[in-house]
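2 protein chains.
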Amino acid sequence: MKAYGMLNKEELLQLQAQLEKEYEDVKKKGFKLDMSRGKPSILQMNMEMGIMDVLGSVADYQTEDGIDCRNYGLLEGIPEAKKLMAAMMGTASADSVIVCGNSSLAIMYDSVSRCMTHGVLGNTPWCKLDKVKFLCPVPGYDRHFKITEHFGIEMIPVPMTEEGPDMDMVEELAGKDDAIKGIWCVPKYSNPQGYSYSDETVKRFAALKPAAKDFRIFWDNAYAIHHLYDEAQVEILDILAECEKAGNPDIVYEFASTSKVSFPGGGVAALAASKANLEEILKSMTVQTIGYDKLNMLRHVRFFKDINGLNEHMKKHAQVLRPKFKAVLKVLNAELGSLGIAKWTEPKGGYFISFESLDGCAKEIVKRCKEAGVVLTGAGATFPYGKDPKDSNIRLAPTFPTLEELAAATDLFVLCVKLVSVEKLLSKFA
Amino acid sequence: MKAYGMLNKEELLQLQAQLEKEYEDVKKKGFKLDMSRGKPSILQMNMEMGIMDVLGSVADYQTEDGIDCRNYGLLEGIPEAKKLMAAMMGTASADSVIVCGNSSLAIMYDSVSRCMTHGVLGNTPWCKLDKVKFLCPVPGYDRHFKITEHFGIEMIPVPMTEEGPDMDMVEELAGKDDAIKGIWCVPKYSNPQGYSYSDETVKRFAALKPAAKDFRIFWDNAYAIHHLYDEAQVEILDILAECEKAGNPDIVYEFASTSKVSFPGGGVAALAASKANLEEILKSMTVQTIGYDKLNMLRHVRFFKDINGLNEHMKKHAQVLRPKFKAVLKVLNAELGSLGIAKWTEPKGGYFISFESLDGCAKEIVKRCKEAGVVLTGAGATFPYGKDPKDSNIRLAPTFPTLEELAAATDLFVLCVKLVSVEKLLSKFA
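Those protein sequence lines, which keep their order, are chains B and E.
So for the first sequence, the working numbering puts the first residue at 1; every next one is plus one.
So for the second sequence, the working numbering puts the first residue at 1; every next one is plus one.
Don't take every hint at face value.
One copy or any two copies: either way a pair holds, since identical chains are not told apart in the list.
As the list claims (entries may be wrong) - Below are the DMTMM-like pairs computed for lysine to aspartate or glutamate, each with C-alpha atoms no more than 20 Å apart in a straight line:
#1 Lys283 to Asp142
#2 Lys283 to Glu154
#3 Lys128 to Glu154
#4 Lys146 to Glu280
Hints were generated in silico from the structure; no laboratory data involved.
Only chain B is shown next, with the shape it has when bound in the complex (with noise of 0.2 Å):
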């Protein structure tokens, strides 16, 4: 097939013609699915059964150093909790990590509110201040940049490489703005990109010098055990760690769930940061809550045992999900290939695709999308405050259909992709 872009105004209106007859096709096929979100799907949360009644085939309750977990106490999660969590972080101590809920993003949305109204050590509190801006890599995840808008946060978009942010753009920015307060990051198989941070970006987030002394990075590790592939797993460097080894051991807030391994909404979130840091987090959190649900850590550690538990089922996951991932590239390529319409990455993690239209293409596409019957998430939901400039990045989501949905779903979409394509290209000529 020719590239899109060769072709002449009648081969273009002809392809139109041919397109929106499949189109009306399909649309009377009445599909009926929703792929907006990440979710794990039915046969992913089937592995994790053995959780629900993990605590009825045992007569203890108690942690490792014999505190009851089913009653008060313990506002820093049980100790094994903390191991575990650490773990999955790639965190070397436990003693850095405070296990909440079962939300990172509400851990996320708290420490936002807690900086805007108790500032950050010592630091005046960003709601008393004229102008707070957060710098955002984009395209990112919708619903860091959803709280960031709640707050009345200025977002300033920064572009993505596959390598991380743009670095230099960053280090420029927090240099010389001290309204700047924080970024958003996704540092392995990044949401919707599936993109991993080198060490060279790594190393040069831990010696970021902020003009703001209460900047913080907002280090969602949100994907940190979730490979596609055995052989293709990829590492990034402890970003706890590197601070600390680059004299800069505060700069960080560090988040990670285990809403994409054991159960979404019924895991357990956790957050790590340095001990000036987390002194002051407990001092909020001790106001908040006694404590979070201690039965539901033990839950966890008592069916994933340690990291290595962790890791096996995993696998498992990744051997409903590569074939899903395959698919969904597998027909991408073969027929949006040599269109020159479009591109688009190939995570070796997460939960994403990241798809570019044509610019001016993505709302259009998602549309016809979801007139056909398959909901997309929203174009312009990876910018900040939903608007994508060039209108071309679309969030492919693989994980929660069926194989056999996903087969449909993908073909709809190409299929509309290439219809808007043509209409963008003709539109040209008019």
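Since the structure of chain B is provided, determine the placement of chain E on it from the hints.
This is chain E only, laid out in the frame that chain B set:
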């Protein structure tokens, strides 16, 4: 035994010597008991062990309307949990309820935090105001006061009566000062007195006309079903319904949890409020989290089934708790009843007994108990900023110790009360 106030100096000195000797003897026994918090006992927690594997023995994890509780979704909580918590709170409609995580305290903290950063229904965020004040019925719950203190909110004590807070004072203060933005309430079996608000009190709250439009009643219905006596169960009016009737539907946020029904830290917590309030709260909540732990909600619903299941369960709890309250009250009556040096409440439910010593004695009594190995709630904790102006209130928490431990601890307590009271009376002769 004569009232201590009738004793002359010689008699007091003689008594002091005798009590000091007893105290030194008790000290040698080397007690080690923490009675500082209202923790359920191990016997109680053993009664709800079925929660641990109730989800292991079934094949389905779906809500009544077919949502898979293992995956993301349902920010407001699962429908059956909303019904259960509404029934527990005595609120007519499950639509008024959001079921959240494991801690009602965290919902209260989040609520205050949201008022600080985002304001209430279009009013100025509290963090942008020069001064924000809260009314605090005293003695009250220390963790309420810690939240308002943490956010720099000025706390104004309001005396408690057996019918609830002094409503003349509440109406006057809230009515004239628009910096007063809220009040902390534990309307049923109050912490620490065990008082329950009369119908008149609830109605006056519902009809409150505060100067501040963004005034909110923080109605912590913590002990809604925590009766001690089958034959003397207190019921209070439903504040949501009363506010609605009074044309004041938005003035209250209600909170509750199963922390002392199922497991402290492993239970579920809920929020109830008007439609307008819930809409506003959900706007923040949808940014804060993708959803709370639906599996834990499902565990609770499957185990307790409905309000009858809850009530039957709480009767079993009462069988364990009643003898403990009775044992403490018996010793207090026998040992202190005629001495004119103390008063205390005789709760019909809840988790605490409120004890009033002679003025200026509470701190010293708690200190003496601690030196002999029994840790009580810190004196002053029941007042804002931890400062009891009369230094007379002590919160007794009889729920956690065994009956044997409790007997020993109460003996020590009355001994310390006597000793410190004698010292106080003697100081008048100095």
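| message | Tell me the hint numbers this structure goes against, listed in increasing order. | response | Violated hints: none; all satisfied.
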